[in-house]
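Novice: So the chains spell out like this:
There are 2 protein chains.
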Amino acid sequence: MKKRNVKKFKNTVVLLSGGLDSSTCAYYVRHIGKSQPNQKIFTLTFNYGQKHKKELTSARLIASEIKSSKHAIIKFNLGEWGGSALTDLNIKVPKNRNLKEKSIPITYVPARNTIFLAFALSYAEAVNASEIYIGVNALDYSGYIDCRPSFIKKFQELTKVATVAGSKETIKIKTPLIHLTKAEIVKLGEKVGVDWSKTWSCYEGGKLACGECDSCRLRLKGFKEAGVKDRIRYKVKSR
Amino acid sequence: MKKRNVKKFKNTVVLLSGGLDSSTCAYYVRHIGKSQPNQKIFTLTFNYGQKHKKELTSARLIASEIKSSKHAIIKFNLGEWGGSALTDLNIKVPKNRNLKEKSIPITYVPARNTIFLAFALSYAEAVNASEIYIGVNALDYSGYIDCRPSFIKKFQELTKVATVAGSKETIKIKTPLIHLTKAEIVKLGEKVGVDWSKTWSCYEGGKLACGECDSCRLRLKGFKEAGVKDRIRYKVKSR
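Chains A and B, in that order, give the protein sequences. Per this note's numbering, the very first residue in the first sequence carries number 1; after that it's consecutive. Per this note's numbering, the very first residue in the second sequence carries number 1; after that it's consecutive.
Derived BS3-like pairs (lysine-lysine); straight-line CA-CA distance at most 30 Å:
no. : chain 1 : residue 1 : chain 2 : residue 2
1   : A       : 154       : B       : 153
2   : B       : 235       : B       : 187
3   : A       : 237       : A       : 100
4   : A       : 10        : B       : 102
Far from chain A by the CB rule (all over 10 Å, computed), these chain B residues:
no. : residue
5   : 31
6   : 56
7   : 223
No lab work stands behind these hints, which were simulated from the structure alone. Cβ atoms here follow ideal geometry from the backbone N, Cα and C, with glycine treated the same way.
One chain only, chain A, in its complex shape (with noise of 0.2 Å):
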């Protein structure tokens, strides 16, 4: 009878949607050595019916520079339910929103962090790694509850129980910029060699960025801060 054994684990998976945020966490995973010939980088990015289907193509060409082993997309469409800006054709993207309003903005995908987490723990699994690196950002960001602290922590408690490898050793999930800003993300950024000129932002996923809505904005603010120079395109550069 075949058995399913736990081997001991030390690979890395990563998610990258291709944005500043995770292209930032990929370089950083790279630069501080998890890719090795004994110790690989599985990358993971998803297609889960957004508008920005642009950003795909940048986490192929990132995943490329930082030695993937193997970079997976799984496909699947939350459009089902819709609900989200992101993945309702119905509802537009926001523009030069109060980026200090305390709501929950219309761009937000219910439970995604907790699905893009899930996935990624199946593929640490099957990939033996130890490590689910995920580029949350709960200083500069759209107030989003999914990018919280209290959210990790939970579903690093959840990691024990929730699968066999979890229970023998734990599965770490890493958040190296939850507590920067967008302007020290983009300092990491530079550090780590990241090409921003491969990274996109913009939820629209025109052939330019259009410079409005909140993802486009927190980037500027962020390369502005920081006086670093973006190597992407706008329409306009909103403030």
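Chain A is fixed; fit chain B onto it per the hints.
Specialist: Structure of chain B alone, referenced to chain A:
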């Protein structure tokens, strides 16, 4: 600025694979009065790369029987990283395994129920549901770690920090079958009117049920012990 409103929610999401347990769970939900004009059932099925896609037809039939308001099918491919006899064409489904054996069977799919519940949580938030029903069972089962009460308890805690809706009002994870034997599940199914001929349990997904995989054998044992006639046909009825 359009804001996300969190309405008072009262609908129900039911995870439905079309097998013995989830079908009984679904009929039970209808039986206790969750299908009403102002209180709806939303069923959810996954086409995840399993070999036994035949269960998708069963799920659709059962969803219709219990008057599901919307039967969502989320498709993705866990064969991307494999690691299970259910999704990996290179691994055979084991026959006549010793069900008392403590090791994890090769049919275990890494983090499957974490992924399933993550989607259910997203669905629940999008359709204003306050309950998610899942037919997991921790007595006559294959030993999968993510069917146990400790996993459900931890996922329940996660719902409070993972979604906006869940942070305002608890989204309950309901597991009516978790402490029942297979025979007790069959008896409950009889009581709530399950049409067994429409269900499908076999991991092989052939024309007739194989009768030798874990899923067939647990089902056969349940019907036998309950003294109820199963309404599907088997190739072999092994013990």
